[in-house]
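*Asks:* Going down the list, the sequences are from chains A and B.
Going by the working numbering, the residue at position 149 of the first sequence is 150; the numbering climbs one at a time, nothing skipped.
Going by the working numbering, the residue at position 388 of the second sequence is 493; the numbering climbs one at a time, nothing skipped.
No lab work stands behind these hints: they were computed from the structure.
A portion of the hints provided could be inaccurate.
Stated by the list, open to error - Subject to a maximum C-alpha distance of 30 Å in a straight line, what follows is the list of computed DSS-like cross-link-like pairs (lysine-lysine): (1) B:K357 with B:K159; (2) B:K320 with A:K57; (3) A:K57 with B:K159; (4) B:K245 with B:K504; (5) B:K458 with B:K479; (6) B:K504 with B:K522; (7) A:K69 with B:K159; (8) B:K473 with B:K403; (9) A:K69 with B:K403; (10) B:K473 with B:K357; (11) B:K343 with B:K439; (12) B:K479 with A:K57; (13) A:K257 with A:K175; (14) B:K343 with B:K232; (15) B:K458 with B:K485; (16) A:K57 with B:K164; (17) A:K57 with B:K142; (18) B:K320 with B:K232; (19) B:K496 with B:K479; (20) B:K142 with A:K69; (21) B:K357 with B:K287; (22) B:K249 with B:K439; (23) B:K278 with B:K357; (24) B:K334 with B:K324.
To be verified - One-sided and incomplete, this derived list gives chain B residues near chain A with beta-carbon spacing under 10 Å: (25) P182; (26) R188; (27) L189; (28) I297; (29) P385; (30) P493.
Stated by the list, open to error - Which stretches of chain B does chain A cover? Using the computed rule of at least three CB atoms under 8 Å from a CB of chain A, they are: (31) 227 to 241; (32) 307 to 321; (33) 400 to 413.
Beta carbons are placed, not taken as given, at the ideal position from N, Cα and C, and that holds for glycine.
Here are the chains, one letter per residue:
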Amino acid sequence: MLNARKNLRTLILLIIVLCAWEVVADLFAQPRLFPSLSHLLTFSLPSIATFSIDGKSGYDVALFVILKHSLLSVYRCIFGFAIGYVTGILYGLSGQKESRPERKMPILLTFSRNIPLLALIPLFLYWFGGTEIGMILYIAFAVFIIVATNTQQAVFNVPQNLIEQAQMLGADRKRIICDIIFPCIQGELAGAIKYLASLIWAVSLASEYLASSSGMGFLIYQSYSFSDMGKLIVLSIVYCFLSICSYHFVNLYFKKKLTWI
Amino acid sequence: MNKKIVFWITAIIIIAGSVYLFFVKRNSVNNNLTTVKFGMLPYGDHSQAIIAAKNGWFKEVGIDFQYELIKVEAVLPDLNNNRLDVSSCAPGIILSSYDNASNICMFSFADVFQGYAILAQPGGNYKNYQELLKSGLSDKDAIKVAVSQLKGKTFAYPSETAIKPFIDILLEKAGMTRSDFKSLVQDDAININAMRNHQADFQVGGVPSRITLQKEGYKEIVSSMDIVKAAMPSPDSKELSSVFNDGWAITKTYYDSHRETVLRLASVNFRINDFILQHPSQALAIHMPYLSQITGEKYTTEDGTVIYDHLDPFYNFAAQRSWFFNDKDPLYYKNLYGSIINSFKNQHIYKSKIPAVDDVIFADDVYKSLDSLKNTTEKKFLAIDKKPFLKESSENKAKLAEAHHQYSIYNYLDADKITADILK
């Protein structure tokens, strides 16, 4: 009953926002600058079909174009995430010492973490040109920074007495990492991964924006070049959808995986 | 990790990888052709190579043409990293980055970019240069009056190095400074919206912004071609720095090591330009759908005609002769690029060496080589005509027909080789 009420409230709020948007767009009367919802649906969405190879038009072609470029972005995100996640975890764990009186973040990681990711785009562009590997490595770098930092921090937060007890029972370094530290840091890591699931789309946009000639970032770049607000809004909604999907996927995974927390 | 999860993650990676391979990777078939990796830019004056690619003209000269869409920011890195062999490019990009791109040169030109124009709000009762000329004003006064309309108004323009000389020369001609109007220095795309919501009264920008705004009814006040008409044919001319050629760029290493391929590529470039001039409707039928696809903006045949006729007129082999042989022509390559280099020098662009025109422009060398090969081929054709017995064998007949074909498509290198072979 409470849930139904909450959903109804959300629905009403959404309808109000959409109506307000339509009214403002109508008052503004400049669809190229502030498109109405009907303009978005009837003009901007099908116009994305212009990106199709065979020059066909229509909703089905537009949706196919969005799907194709989304899949390319998903592919880059998956590979970038995989590389960044594995290296981040390994780097984060490598700093682990059984008994360390003063725990500090390694200088290299602190330094890397403070480099603005956007400032690296021209560098990656110059080093790798518009190659796939450049875009994937850019995403991997962003993921690495977040995962490594969170892993390191989570390792610091593992209670020292657990490690000492394991040592007293004769566990070696490998067993301490596998059986004590790794399970202990799962909870903190889950938070970071959930955060990454949404952030990774912003990173993929940045990597594709300047260099790529495919993917969602490319569509955004071209629409921006011609100041096509309608297409930009439609593509932002697609980004939002992708972000929500990836967040829910990760959330579902951790719900099943971390039932013991 | 749960086996099920591992399975699903692997499956997703495999599916995503397959989709990528299906959509992105093109199968390349190499039948003893020289492979050339080409970067196409998403602009009307940088994507005409599609006409040759679709018609199979590269194969006719022995080139396996593998093109891909790239962004203008990637031209220099992709050429420098050898990811691409050739890319469409504007010399201004190389000249303005000469400190970091001294190994890149232009080897063939296609058109003259004359697309800079000040656009005004429609309904603002502004007069353009042409209208002022018709009203009886002299050329000089017409520009002065046209530009004076900016006084007290808001003028939007990007911070691009290449566009600055155009604005500077207009202000100089009108006796104005930047304090006479309110400047709105922003990205081109933002300036389009500044015009739409009346934040700006006037605007100047690159071709995408000009086409977008002109389609929406904004009025052209004065263009770069208006000021170039009266330009002095000299590197000291300030007016000339507001126009430039578009063409194809390579690294100097590639130029030295693939000299024959470069000449063949240039011949295809001339064939495209000639086709655009002789058969514009057929060229547009191939070019505009592709341009629409790579930009996401619908380009009609009418838009294409504006590009071909007004923004970026293409020049064929014969028409380009004057650019390389006639130093009295304002568009003579040393006048044009001398002027642009001087403009960049005055903007303190160069931190180390200031380039000479011949450091970046190799198109003169390619043009003159092709011209020389054309002349020798013609002489060889005459020599063959004087020896009818040479045409008796069916093998020689076929060779001669091939030589004539290659000659007709500007591939003077192979035409010369084949005729030499017949004479031998």
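*Asks:* Now tell me, hint by hint, if it's right for this structure.
*Replies:* Going down the list of hints, with the structure as the test:
1. B:K357 with B:K159: Roughly 28 Å between the alpha carbons, so the hint for K357 (chain B) and K159 (chain B) holds.
2. B:K320 with A:K57: holds, 22 Å
3. A:K57 with B:K159: holds, 18 Å
4. B:K245 with B:K504: violated, 57 Å
5. B:K458 with B:K479: Since the Cα atoms of K458 (chain B) and K479 (chain B) sit roughly 36 Å apart, the hinted pair is violated (cutoff 30 Å).
6. B:K504 with B:K522: holds, 10 Å
7. A:K69 with B:K159: holds, 23 Å
8. B:K473 with B:K403: Since the Cα atoms of K473 (chain B) and K403 (chain B) sit roughly 39 Å apart, the hinted pair is violated (cutoff 30 Å).
9. A:K69 with B:K403: holds, 20 Å
10. B:K473 with B:K357: Roughly 18 Å between the alpha carbons, so the hint for K473 (chain B) and K357 (chain B) holds.
11. B:K343 with B:K439: holds, 14 Å
12. B:K479 with A:K57: violated, 43 Å
13. A:K257 with A:K175: holds, 26 Å
14. B:K343 with B:K232: holds, 24 Å
15. B:K458 with B:K485: Status violated; Cα separation ~45 Å.
16. A:K57 with B:K164: Distance ~28 Å between K57 (chain A) and K164 (chain B) Cα, so the pair holds.
17. A:K57 with B:K142: holds, 28 Å
18. B:K320 with B:K232: holds, 19 Å
19. B:K496 with B:K479: holds, 21 Å
20. B:K142 with A:K69: holds, 24 Å
21. B:K357 with B:K287: With Cα atoms ~44 Å apart, K357 (chain B) and K287 (chain B) exceed 30 Å; violated.
22. B:K249 with B:K439: Given that 30 Å is the threshold and the Cα spacing comes to 28 Å, the pair holds.
23. B:K278 with B:K357: violated, 39 Å
24. B:K334 with B:K324: holds, 20 Å
25. P182: holds, 5 Å
26. R188: R188 (chain B) check passes; min Cβ-Cβ to chain A is 5 Å, inside 10 Å.
27. L189: holds, 8 Å
28. I297: holds, 4 Å
29. P385: violated, 19 Å
30. P493: This hint is violated: P493 (chain B) lies away from chain A, its Cβ roughly 51 Å from the closest one there, beyond 10 Å.
31. 227 to 241: With 0 residues in contact (Cβ-Cβ under 8 Å with chain A), the coverage given for the stretch 227 to 241 of chain B is violated.
32. 307 to 321: holds (count 4)
33. 400 to 413: Coverage by chain A holds here, the residue count being 4 at a Cβ distance below 8 Å.
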